[in-house]
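Q: Below, each chain spelled out in residue letters.
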Amino acid sequence: MITLSWYLIFSAALFCIGLFGVLARKNAIAIFIGIELMLNAVNVNLVAFWRYIAPEAITGQAFAVLVFAVAAAEVAVGLALVISIYRRRNTVNADEIDMLKF
Amino acid sequence: MTTELITWLIPLPPLLAFFLIILFTNRSKPLSHTLAVGAAFLSWLGSMVVFFRVIRIEHLGEHPIMSSIPWLATGSKTFNIGIQVDPLTAGTLFFVAWTVLMIFIYSVGYHNYGQPKGDHDMPGLPPHGATVTDAHGHSHQVPSIEPIYSRFFAFIGLFAFGMFLLVVTDNLLTLFMGWEIMGLCSYLLIGFWYAKPSARAAMIKAFMTTRVGDVFLLLGIAYLYSATGTLNYREIFYNEGVLHTLATTPTGFLGLSAAGLIGILIFIGTVGKSAQWPLHVWLPDAMEGPTPVSAMIHAATMVSAGVYLVIRSYPLLSAGAEHGVLSPPMIAMAFIGAFTALFAATIAVTQNDIKRVLAYSTISQLGYMIAALGIGAYVAAAFHLITHAFFKALLFLGSGSVIHGMEHGVLHTGAHIDLQDMFNMGGLRKKMPITFWTFLIGGLALSGFPLVTAGFWSKDEILSDAWGHGFWVVFIVLALAALLTAFYTMRQISLTFLGEPRTEAAEHAKETPWTMTAPLIILAVFAVAAGWVGIPEHFPVLGGLIPNWFHEFMGGTLLEHPEAVDFSFIPLLTSLVVALGGLYLGWVVYRKVKAGEKDPLQSPLGPVYPVLKNKYYFDELYDRLFVRPAYWLAESFTYLFIDRKVIDGILHWFARVSITLGDFFRNYIDKPIVNGFGDFVGEGTKRLGRTFRFIQSGKIQQYMIVALVSLAAFSVLFYYLLVSTP
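Sequence lines, in order, name chains W and B.
If you count by the working numbering, then the first sequence holds residues 14 to 115, one letter each, in order.
If you count by the working numbering, then the second sequence holds residues 164 to 889, one letter each, in order.
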């Protein structure tokens with residue numbers, strides 16, 4: 014039988030893959046994808062905890078839905094920013110978007 | 164209106180006129196003089212009403228007209244301001260009102276009202292004359308109007324206020340205020356032509372000299388107040404208890420009683436104001452002012468105020484004097500008065516300036532009054548004060564008229580001569596008849612021409628008092644002074660009016676306008692008639708024709724009615740001889756002085772002449788004794804030593820110490836510690852920032868790695884700190 018820890022290991026792996034993507038990839042779109050992976054890893058966690066630990070409450074599902082909504086909004090804003098940056102600087106390479114330095 | 168109310172109102176019009184002229188009408192000459200003369204007229208009218216009402220009151224001296232209101236509340240005491248009309252006030256008011264009004268009217272003419280503006284007249288200088296062209300095309304010089312005409316009327320208005328205030332008041336405090344107002348006005352008016360250095364010097368001299376007396380007077384008043392708790396005349400001078408207490412309180416100063424010390428202090432005030440020796444030096448110099456001012460100061464007001472004060476405080480001055488024994492203030496007065504009378508008369512003999520002769524004669528006559536009071540001749544002193552005011556005002560105004568006539572001649576001929584030098588005059592009787600006759604009357608009154616003139620009666624009364632009470636030293640000195648008075652008066656009249664003109668200017672002199680001659684005529688009437696009220700009862704033939712009203716009236720001012728002295732032929736003969744003899748001598752010596760001739764007295768007097776001419780060198784003496792030491796004190800001691808060395812030295816020392824301290828704080832505290840700390844904080848922060856700036860790469864992923872590593876590190880740290888070691 015599939016136990017809770019399997020889900021947790023899966024979600025941790027997924028989170029690490031996303032984190033790796035965010036830290037290692039230079040393309041802004043790829044970094045976005047990494048962020049989405051991390052959010053969804055959290056969702057897996059939430060749903061798993063709900064099913065195994067507190068199946069009578071709907072808190073876990075509600076949080077998962079909320080994360081979807083936040084992720085969707087974040088993607089909408091983030092992509093708009095990426096497009097805007099691309100138009101101005103003609104690049105989406107994260108290393109080249111370094112105007113925040115001293 | 165009640166008499167009290169009118170008396171309250173008497174001093175006010177001239178004060179109002181002063182403010183109105185100063186504030187509003189000073190640009191309009193006719194308006195200004197109308198205000199001033201109108202004010203003098205109102206005061207005159209009030210004075211006359213009061214005078215003629217009160218002389219009908221019986222026992223006015225015992226029950227004077229009084230009214231007062233609280234004025235200054237000081238602690239538990241209140242100073243009252245009030246009026247009091249007793250016989251002395253009434254008499255003084257009478258002559259003050261007349262002379263003031265006459266002088267005001269005279270000033271209009273004197274300052275050339277109605278004449279054109281001067282060609283190059285300047286404010287602060289006497290007018291120089293204007294050129295006018297008549298219908299025939301001839302241009303000639305005429306007198307020009309005074310440039311600061313309105314100011315003159317404002318000042319004499321204030322002056323008149325001071326005098327009226329002094330006369331009607333009922334206490335020494337307001338008297339002192341009037342006294343000081345007059346001191347100020349005399350300063351302003353003597354220096355009326357302020358662009359003349361001599362006028363400036365004279366105004367300062369007058370102010371400083373009278374100040375000496377004023378300070379002593381103030382001391383006397385303060386002492387009197389602390390001794391009695393009041394300054395009201397009635398409560399001190401007419402209160403036997405208070406007088407007795409004062410006369411018996413010892414002060415421990417030269418063995419004087421309180422009354423004696425206060426009396427001497429008050430008398431010193433009079434010495435300053437009435438120009439008695441040794442404070443007489445200011446009065447002759449005060450001739451620098453316009454002539455109406457000379458008349459105002461030397462006849463009607465200021466110098467009379469000094470005598471008025473001693474007559475007023477006579478009960479205090481004589482407190483302790485009994486049965487022919489004089490009190491110390493009276494001895495001082497008798498001595499200084501008699502000495503001054505003779506002393507000033509001798510100087511007057513050698514003066515050539517027409518106004519200076521009169522100035523010294525005034526000093527001499529005031530000395531007469533003081534001496535008379537010193538020997539207890541109260542009524543005679545008051546009598547002479549009144550008659551003298553009339554004929555001396557007349558003489559001064561007459562001399563002003565002469566100078567004016569001479570100025571006319573000078574403008575006509577264009578000569579540059581001293582207008583006031585009598586040796587430049589002569590023969591003016593034909594050119595200026597009105598001035599001549601009135602001046603003659605005034606001069607005869609001054610010399611005491613027998614029977615007719617007022618001066619005779621008042622002077623004779625003083626002499627007979629001196630004789631009757633046995634003060635023969637005073638008698639002889641005063642008789643000698645009277646002889647000299649007659650002599651120099653006749654000298655003056657002869658030099659000015661008789662003989663032939665000695666200069667061309669005198670030949671072209673012209674009679675002055677009616678505004679100047681009318682006051683002369685009115686004053687001449689008084690110079691004669693004012694004596695008739697005081698003819699002694701036992702005088703041969705004339706005595707008793709007119710009752711000796713004055714003695715009864717004025718004598719009522721005192722608590723004890725003074726006895727009229729018995730008639731004696733010796734003083735009468737003496738005054739006849741000295742008056743006629745002096746006049747005759749003066750006429751004989753001076754009737755035929757030719758142009759360019761020296762003073763006929765110069766050779767017979769020999770070495771005495773320059774001494775008299777230079778006024779016994781008193782000016783030089785005072786210059787050595789007081790003026791130069793004062794300058795030395797101011798320059799060498801106060802300025803160079805105290806101010807520059809000591810005070811500046813202390814200040815410089817403070818400055819130097821402050822600078823040293825400041826340097827120390829700056830170099831050892833402020834710079835290393837305070838600045839060092841501030842710099843350390845700033846520089847340290849900067850260096851830290853420079854050190855760590857490399858982590859701000861702007862690369863988002865680097866930040867995230869740092870954040871991740873830090874999070875991991877902190878997590879581990881917290882785990883060990885909080886979870887694994889409970």
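Calculated from the structure, these hints are not laboratory results.
Only a predicted model underlies this, so the values are computations on that prediction, with no experimental measurement involved.
Idealized CB from N, CA, C, for every residue including glycine.
Fair warning: there could be bad hints in the mix.
[As the list claims (entries may be wrong)] Now the in silico label distances, taken between C-beta atoms and shown as ranges:
id : chain 1 : residue 1 : chain 2 : residue 2 : range
1  : B       : Ile836    : W       : Val88     : 18 to 28 Å
2  : W       : Leu79     : B       : Gly852    : 15 to 25 Å
3  : W       : Tyr99     : B       : Leu885    : 42 to 52 Å
4  : B       : Phe840    : W       : Ala82     : 19 to 29 Å
[As the list claims (entries may be wrong)] Only some residues are given here: those of chain B computed to face chain W with a beta carbon under 7 Å:
id : residue
5  : Ile858
6  : Gly861
7  : Met867
8  : Val869
[Claimed, not checked] In silico negatives: residues of chain W with every beta carbon more than 10 Å from chain B:
id : residue
9  : Met14
10 : Ala37
11 : Ile71
12 : Thr72
13 : Gly73
14 : Phe81
15 : Ala82
16 : Ala85
Q: All hints, please: hold or fail.
A: Here is what the structure says about each hint:
1. B:Ile836 to W:Val88: 18 to 28 Å: Violated: the Cβ-Cβ distance is about 59 Å, outside 18 to 28 Å.
2. W:Leu79 to B:Gly852: 15 to 25 Å: violated, 41 Å
3. W:Tyr99 to B:Leu885: 42 to 52 Å: Given a distance of about 46 Å, which is inside 42 to 52 Å, the answer is holds.
4. B:Phe840 to W:Ala82: 19 to 29 Å: Given about 55 Å between the Cβ atoms, the range is violated.
5. Ile858: violated, 10 Å
6. Gly861: Gly861 of chain B check passes; min Cβ-Cβ to chain W is 3 Å, inside 7 Å.
7. Met867: holds, 6 Å
8. Val869: Hint on Val869 of chain B: violated, closest Cβ of chain W at ~11 Å, above 7 Å.
9. Met14: holds, 32 Å
10. Ala37: violated, 8 Å
11. Ile71: holds, 31 Å
12. Thr72: holds, 25 Å
13. Gly73: Per Cβ check, Gly73 of chain W is outside 10 Å of chain B; nearest 24 Å; holds.
14. Phe81: Phe81 of chain W clear of chain B: closest Cβ-Cβ about 23 Å, beyond 10 Å.
15. Ala82: Given a closest Cβ separation of 24 Å, the condition holds.
16. Ala85: Consistent with the label, Ala85 of chain W stays out of reach of chain B, its closest Cβ about 22 Å off (over 10 Å).
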